[in-house]
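Enquirer: Residue-level listing of the chains:
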Amino acid sequence: MAFRCDIVTQERTVFNGEVKSVSLPGSEGRMGILPNHSPLLTTLGFGEVIVRDAAGGEQYFAIGGGFAEVQPDHLIVLADSAEQAEEIDIERAEQARARAEQAMKEGVAKEDPDKYAQIQASLLRAQVRLDVGRKHSGRQRREMATGFSQPRDEDRS
Amino acid sequence: MATERELKKRITSIKNISQVTNALAAVSASKANRAQRQVEATRAYAGKAFEILHNLASQPGVGSTGHPLLTVREEIKNVAVILITGNRGLAGAYNSNMVTYTEKFIRAFNKPTQVIAVGRKGRDLMIRRGYNVVASFDNIPDAPSILNVTPISQLVTDDYLNGKVDQVFVAYTDFINLISRRPIVKQLLPLKPFDYGKMAASEYVAHVDLSGVSERVYSYEPGPADLLDVVVPRFTDLQVYQSVLEAQASEHSARYVAMNNATDNAAELIEILTLERNKARQSSITSEILDIVGGAAALSN
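Quick note, the sequences are listed as chains A and B, same order. Residue 65 in numbering that gives the first Met the number 0 sits at position 66 of the first sequence; the count goes up by one each step and never skips. Residue 185 in numbering that gives the first Met the number 0 sits at position 186 of the second sequence; the count goes up by one each step and never skips.
Treat the hints with caution; some may be incorrect.
[Said to hold, decoys possible] A few chain B residues facing chain A, derived, Cβ under 7 Å: (1) Ala40; (2) Lys47; (3) Ala48; (4) Ile51; (5) Tyr130; (6) Phe136; (7) Tyr195; (8) Ala224; (9) Leu226; (10) Val229; (11) Ser286; (12) Leu289; (13) Asp290.
Hints are computed from structural coordinates only; laboratory data are not their basis. For clarity, every value in this text was computed on a predicted model and none was experimentally measured. The beta-carbon is built from N, C-alpha and C at its ideal position, and this holds for glycine as well.
Just need the whole structure built from these sequences, with the hints factored in.
Expert: Next up, the structure:
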């Protein structure tokens, strides 16, 4: 028994395929989705999405907020940001977290609640990416150890 | 008549220019293509988000309490127009067409209007024509990410929520294909999930089958109103993002056409000048021969 799962962001489709179960960071708590789940709309928090396919393989994604629709035969995650564990550049995530932490410490943001929330969100996002990236990507770690990490497109331009 | 040397010089310089325009045309074609692919990639999210929006907005107790971003105000006092143009010229009539069209729209709508200019060309033209330009975004890169454009939607959403404006439009050039595009003005706020033809970037949700969507029963976590608070701003962000990408695809395609025309014109000019150069060369040879013949004749006499 399998169902279809799509993970999309505003910019692209990150994953789609037939899966056996999915575990999601719902805003009200973690939830596991199996086939024939009753229809549900939920907002999402920051965290890890674990997708198990029919062959028993697992894929991991770091997502940062958004919402999801569950149908008996279909799950669609509309995330604000989503990255597969292997795509995560740990070095960059580390830098992003350091930047957000710095901004938090400086405290300038506190006078502006919107800005504060924004920085808090980027700190959370960076933390989640780090956690998921560290946990699952041996490849990335080796690259870091040898110091040969490919620059990403956006860094180059 | 110009000498052969002068003509030769002109031909060389025109050849150089046509090489530049030819290269720019090729670059613009591929950039237009990329922008178009990028906006196509938003379709999956847009369609689903729209479906969910539709369902949420038709839930009893949500539609009636009225989400502020979905409620049409009775009295429209001020409006805002987001005008998306390019930062650079060399794109034929792309920028001026967009501005002229927007001007017509503002005049027809006839309410005090704030212009939010995205792109330097539109900003400068609107200021010169005496419109009230309240904000300018001129640092949107090619192939932007959604984070590059969210400040725009944030600004208009804030202005809308605190009552500075009562209706928000987005004016951009809709990309049709590499050789055609058309300027349009669509409504951004309030969002009208039941009247999507008037929405910005509506072609990306037109494929959604909405029959039965509003009757679908879900359990909502946390609740339909809270979900709507999450979905609506994201949908607005996405519409602005799509509009910017459409405009970029149009700008690049307009530049492609303009540069293609320039290359063609250069080829034509080169042909004409080459003919003239040959004539000039021929006439100088003729006159030299005449000189020699004349000289020889004078000597033999």
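Enquirer: Taking the least C-beta to C-beta distance, is Ala224(B) closer than 7 Å to chain A?
Expert: violated (12 Å)
Enquirer: Does Asp290(B) pass the interface check with chain A, least Cβ-Cβ distance below 7 Å?
Expert: With a minimum Cβ separation of about 63 Å from chain A (threshold 7 Å), the hint on Asp290(B) is violated.
Enquirer: Would you check whether Lys47(B) satisfies its interface hint, that is, whether its CB is within less than 7 Å of any CB in chain A?
Expert: At 5 Å from the nearest chain A Cβ, Lys47(B) passes the 7 Å test, so the hint holds.
Enquirer: Would you check whether Ala40(B) satisfies its interface hint, that is, whether its CB is within less than 7 Å of any CB in chain A?
Expert: holds (5 Å)
Enquirer: Are Leu226(B) and chain A close enough, Cβ to Cβ, to be under 7 Å, as the hint says?
Expert: Cβ of Leu226(B) sits 6 Å from chain A, so the hint holds.
Enquirer: Should the hint that Ser286(B) touches chain A count as held when the rule is a Cβ pair under 7 Å?
Expert: violated (59 Å)
Enquirer: Does the CB of Tyr130(B) sit less than 7 Å away from some CB of chain A?
Expert: Check failed: Cβ of Tyr130(B) comes no nearer than 28 Å to chain A, outside 7 Å.
Enquirer: The hint names Phe136(B) as touching chain A; please verify it with the least Cβ-Cβ distance against 7 Å.
Expert: At 18 Å from the nearest chain A Cβ, Phe136(B) fails the 7 Å test, so the hint is violated.
Enquirer: Can Ile51(B) be said to touch chain A, with a Cβ gap under 7 Å?
Expert: Status holds, d = 6 Å.
Enquirer: A closest beta-carbon separation below 7 Å is what the hint needs, so does Tyr195(B) meet it against chain A?
Expert: The hint is violated - Tyr195(B) has no Cβ within 7 Å of chain A, the shortest such distance being about 18 Å.
Enquirer: Next item in the hint list is Ala48(B). Is there a CB on chain A closer than 7 Å to its CB?
Expert: OK, holds: Ala48(B) within 7 Å of chain A, min 6 Å.
Enquirer: How about Leu289(B): closest beta carbon in chain A under 7 Å, or not?
Expert: Because about 64 Å separates Leu289(B) from the closest Cβ in chain A, which is outside the 7 Å limit, the hint is violated.
The structure fails to meet hints 5, 6, 7, 8, 11, 12 and 13 from the earlier list, while all remaining hints are met.
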